[in-house]
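Trainee: Chains A and B supply the protein sequences, listed in that same order.
Residue numbers for the first sequence, in the numbering used here: 1 to 287.
Residue numbers for the second sequence, in the numbering used here: 1 to 92.
It is worth saying that the hints were derived from the structure and are not from the lab.
Think of the CB as a built atom: it goes at the ideal place given N, C-alpha and C, for glycine as much as any other residue.
Treat each hint with caution, since some may be false.
Facing chain B, from chain A, some residues (calculated, C-beta under 8 Å) [said to hold, decoys possible]: (1) A97; (2) T116; (3) A118; (4) G154; (5) D232; (6) G245.
In the DSSO-like style, the derived pairs of lysine-lysine whose C-alpha atoms are separated by at most 30 Å in a straight line are [what the hints assert, rightly or not]: (7) K25(B) to K91(B); (8) K108(A) to K254(A); (9) K108(A) to K91(B); (10) K254(A) to K91(B); (11) K25(B) to K108(A); (12) K76(A) to K91(B); (13) K151(A) to K108(A); (14) K76(A) to K151(A); (15) K25(B) to K151(A).
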Amino acid sequence: MQNIFIPIIYLFSAVFFILGLRQLSHPRTAPKGNTTAAIGMLLAIIATLLNNQILDFQTIFIGIVIGSAIGAVLAKRVEMTSMPQLVALFNGFGGGASLLVGAAEFYKDEPLVVFTLATVTISVLIGAVTFSGSLVAFSKLQGLLRGAPIKFRGQHSINGILAVSIILLAVYAVFDPTQASNAVLAIIVISLFLGILFVIPIGGADMPVVIALLNSFSGLAACATGFVIQNDALIISGSLVGASGIILTDSMCKGMNRTIWNVLFSGIGSDDGKSPLVVDPMKTVKS
Amino acid sequence: MNGQLLVEIYVFVLAVFVGFEVISKVPPTLHTPLMSGSNAISGITIVGALLATGSLPGTLSATLGLIAIILAMINVVGGFMVTGRMLRMFKK
Chain A
1 MQNIFIPIIY LFSAVFFILG LRQLSHPRTA PKGNTTAAIG MLLAIIATLL NNQILDFQTI
61 FIGIVIGSAI GAVLAKRVEM TSMPQLVALF NGFGGGASLL VGAAEFYKDE PLVVFTLATV
121 TISVLIGAVT FSGSLVAFSK LQGLLRGAPI KFRGQHSING ILAVSIILLA VYAVFDPTQA
181 SNAVLAIIVI SLFLGILFVI PIGGADMPVV IALLNSFSGL AACATGFVIQ NDALIISGSL
241 VGASGIILTD SMCKGMNRTI WNVLFSGIGS DDGKSPLVVD PMKTVKS
Chain B
1 MNGQLLVEIY VFVLAVFVGF EVISKVPPTL HTPLMSGSNA ISGITIVGAL LATGSLPGTL
61 SATLGLIAII LAMINVVGGF MVTGRMLRMF KK
């Protein structure tokens, strides 16, 4: 019998996330919003640890300590001007985590039902695109990669072919589960490439918009993972971030008098973002 | 289609609508902190990572889960801390 407190704590955690997002979007309440959302996360972690399926607390403890320490050091040490790329890096890690959880569920020694298989493919797809795309965004802002748009002929066609092949592989995996293992592996590899190709043609000043969009993706990745493991906390919080991330991306584009399609596909981001409407002290972009 | 899945789809659709409505008229100065804060929330995948790691000790899934815990905790702890720093900077 599942502990009845767990879903109730998850519900509280979701409410804290909603209130936190709301508070974060107003200047006066923003600092409080960050704390509210952090409490929501703490509640979700505590509720999960109460789950009686969890047998091995030692490994979990090690993982939590290592991850928290790295996160804290990065957040403390970073220069103010490097914060956007740090957000991109963190976002990539979140997407990577969703990818791994999807894969972990897939490699359990249990036969998967068709629905789970379908959600696994979606979860590893979005997770992998978020992971590699965010790392490219990080590298560009950090100056590890050329900040200007990197373009070549037939770029959109290649992305299109990759996307179609992912869909075909997903269909193949669902219809022939004996081959699913290879198909899922292929989907992960192609999705990682797709994430890279998706972000390299976008340049300097447009990077914050791309990071906002990738942030929305990482929410959707968490949501897809929630469907894989049938967990409401992941579904609610993931879709909250996914949906609010799209609104945020849209308002950032409007601030630059652009549309999201224009940012993603035209590649005029090579200009230095002279956008009179945006007064954003955080947007210190290297190009 | 089983009942639980149907409820999950309800929850998903309603949460998407809440997500669309919850942030409105965000001033441009708050764009980056809001993005950073909601990025930390997307670290909720830690829940899945904990379950994958803890429930099947000694398997490949648990190993993948452990890496996922580390990545997700970097996302969560780093995300909330860096958002806090950004917001403190605005106060000054």
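Trainee: Each hint should be assessed against the structure and marked as holding or not.
Mentor: Status of the hints after comparison with the structure:
no. : hint               : verdict
1   : A97                : holds (4 Å)
2   : T116               : violated (10 Å)
3   : A118               : violated (12 Å)
4   : G154               : violated (32 Å)
5   : D232               : holds (6 Å)
6   : G245               : holds (6 Å)
7   : K25(B) to K91(B)   : holds (20 Å)
8   : K108(A) to K254(A) : violated (45 Å)
9   : K108(A) to K91(B)  : violated (49 Å)
10  : K254(A) to K91(B)  : holds (26 Å)
11  : K25(B) to K108(A)  : violated (45 Å)
12  : K76(A) to K91(B)   : holds (18 Å)
13  : K151(A) to K108(A) : violated (40 Å)
14  : K76(A) to K151(A)  : violated (35 Å)
15  : K25(B) to K151(A)  : violated (35 Å)
Violated hints, in rising order: 2, 3, 4, 8, 9, 11, 13, 14, 15; the structure is consistent with all others.
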